[in-house]
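Let the sequences and hints guide you as you build the complete structure.
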Amino acid sequence: MAGAVEKQHEALLRRSLEAVIVAALHPRALIQVVVQVVAEDGGVLACALNAACAALVDAGVPLRTLCAAVAAAQAPEGGGLLLDPTAAEEAAAAATGTFAYLPLLAASGGSDGARGGGDLQLLASVTSGRLTTDQLLDMVEAARQGADRMAAFMQLAARQGAAQT
Amino acid sequence: MAAAAAAPPPGGELQAEAFQRLYPDQYLAQFVTRGLRPDGRPLALARPTSIGLGVVSTADASALVKLGSTSVLAGVKAEVMPAPADTPDRGRLTLQVEMAPLCSADARPGRPSEAAAVLTQQLTSLLDAGGVVDGRQLCIDPGRVAWAVYVDVYVLDADGSLHDACLLAVLAALSSLQLHAVTVDDAGRVTKADSDAAAAAASSGQPGGAPAMRRLQLGCQPVSLTCGVYRGQLLIDPTAEEEPLLDATLTATLDEQGGVLGLYKAGGSATSSHERLLQCLEAAKLRGKEVRDLLWQALDAADTAALS
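As you go down the protein sequences, you meet chains A and B in turn. Residue 111 in full-length UniProt numbering is what sits at position 111 of the first sequence, and the numbering runs on without skipping anything. Residue 23 in full-length UniProt numbering is what sits at position 23 of the second sequence, and the numbering runs on without skipping anything.
No lab work stands behind these hints: they were computed from the structure. Given the structure is predicted, the values throughout are model-derived calculations rather than measurements. Don't take every hint at face value.
Coverage of chain B stretches by chain A, computed from C-beta distances (three or more under 8 Å per stretch; other residues unrestricted) [unchecked claim]: (1) 127–134; (2) 263–273.
Within a straight-line C-alpha distance of at most 30 Å, the following computed DSSO-like cross-link-like pairs (lysine-lysine) qualify [claimed, not checked]: (3) A:K7 with B:K285; (4) B:K192 with B:K77; (5) B:K77 with A:K7; (6) B:K77 with B:K289.
Okay, the calculated beta carbon distance ranges per label pair [said to hold, decoys possible]: (7) A:E40 with B:Q20: 43 to 51 Å; (8) A:D84 with B:G12: 40 to 48 Å; (9) A:R28 with B:S269: 17 to 25 Å; (10) A:D138 with B:A100: 40 to 48 Å; (11) A:R28 with B:A107: 23 to 31 Å; (12) B:A107 with A:G3: 13 to 21 Å; (13) A:A88 with B:D128: 14 to 22 Å.
Note that CB positions come from ideal geometry on N, CA and C, so glycine has one too.
Right under this line is the structure:
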């Protein structure tokens, strides 16, 4: 059914962004986020969420923290876990998942922020296909590490963007 | 002196209802801190579930599932179609979820709601990617004809845990679906074997007597459980009253071997830790056992009724 996939992505994006935006600072205001997929090669939902978050930072909308999303796939038949799969890898995968986190951000000018106490901070997730419990937990953990790096990069990009203007 | 018996304070019930309307969060908190919910359930108990099969006589299979007040009706219609050119050895299953305007005060007639579209997508993806229905099961004659199965899901009363109720209704309906034996002659004419004639042919020992009807072989039986996180506690199977107050909602779908077919968490103000995920998966596993037992009972009862 055309549009159902987009509707699901929209619902996930909206609820995830609602958790991050400090809406109380903008009463009686509408924050509209429009996501246009320019090219698709796997991990579309994760990319969309990262793009939306980066756009909100660029717009100066106050956020509680950055939100980073990562796509993952479980290769079939004893193959390993793939992070950020391409479209071909996704299509061949036994299972795929997209996970969004609220990663700990490095303090400005400080050293790499170590993750306190193994806290997962899973904000949103959607999976498809069959995973064993162990595979799921591995996927969630690996995606979390990917999200940490994603958030560090987003922070860097945001700082550079702010420095230029 | 019966009049001396103390009467309850006037408007006691009215006060509770008013409090719930005005301060829904505090109302729920009062219960949860005592390990209960407003409807009297403990935190880790799902609502009474019932499955009714064959409720719609015009459908090839149907199921009405009630999860507390949440009511969902699934109807299945199977039609013969020319085999698709790109996948000649597979049939097709099309699923659609509709939220009837009468299901909730928030539902509006006309435009399909976002919730219905999300459920449609989730269930379609589950049946397909989760390996529940294999398209090859729906093949009649490769390259020529195949089954087109249409599953329509109607939410009649939306009182929380829609994903759980809809999935169960679809599972129950598909589990009870019987496909007619179909013959295709050289001219391409399709004849559905008459169940009486086929039974007669089988009993008279004619060769090649394939069964008149066959059940769809499902790859697995997925059951989902929606849990809510509220003030650090896990609430299983939240009602529509509880859902907007929750900090986060997790829906876990597991098959009978404990394989995870879906983990859906759409934002929410609370993030989940490892422990929370494991807690949710455990609860979903237990619930899955309960629900599959119910489903088997319902299928057995329907079979017995059909034979007698």
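Quick rundown of the hints versus the structure:
Residue count for the segment 127–134 of chain B with a Cβ under 8 Å from a Cβ of chain A: 3. That meets the three needed, and the coverage hint holds. Coverage of the segment 263–273 of chain B by chain A holds. Counting CB-CB distances below 8 Å, 10 residues qualify, and the rule asks for three or more. Simply put, K7 of chain A and K285 of chain B have alpha-carbon atoms about 29 Å apart, close enough for the 30 Å limit, and the pair holds. A threshold of 30 Å between alpha carbons decides the hint, and for K192 of chain B with K77 of chain B the separation of about 14 Å falls inside it, so the pair holds.
A C-alpha spacing of about 26 Å is found between K77 of chain B and K7 of chain A, which places the hinted pair at or below 30 Å, so the restraint holds. At roughly 28 Å between alpha-carbon atoms, K77 of chain B and K289 of chain B fall within 30 Å of each other, so this suggested pair holds. Checked against the hint of 43 to 51 Å, the C-beta distance between E40 of chain A and Q20 of chain B comes to roughly 47 Å, which is consistent with it. For the hinted restraint 40 to 48 Å between D84 of chain A and G12 of chain B, the CB-CB distance of approximately 59 Å leaves it violated.
A hinted range of 17 to 25 Å for the beta carbons of R28 of chain A and S269 of chain B is consistent with their spacing of about 21 Å. In this structure, D138 of chain A and A100 of chain B meet the distance hint of 40 to 48 Å, their C-beta atoms being roughly 41 Å apart. For the pair R28 of chain A and A107 of chain B, the beta carbons lie near 26 Å from each other, so the given range of 23 to 31 Å is met. Restraint check, A107 of chain B to G3 of chain A: a C-beta distance of roughly 19 Å satisfies the suggested window 13 to 21 Å.
Distance hint check for A88 of chain A and D128 of chain B: the Cβ-Cβ separation is about 18 Å, which falls inside the suggested range of 14 to 22 Å.
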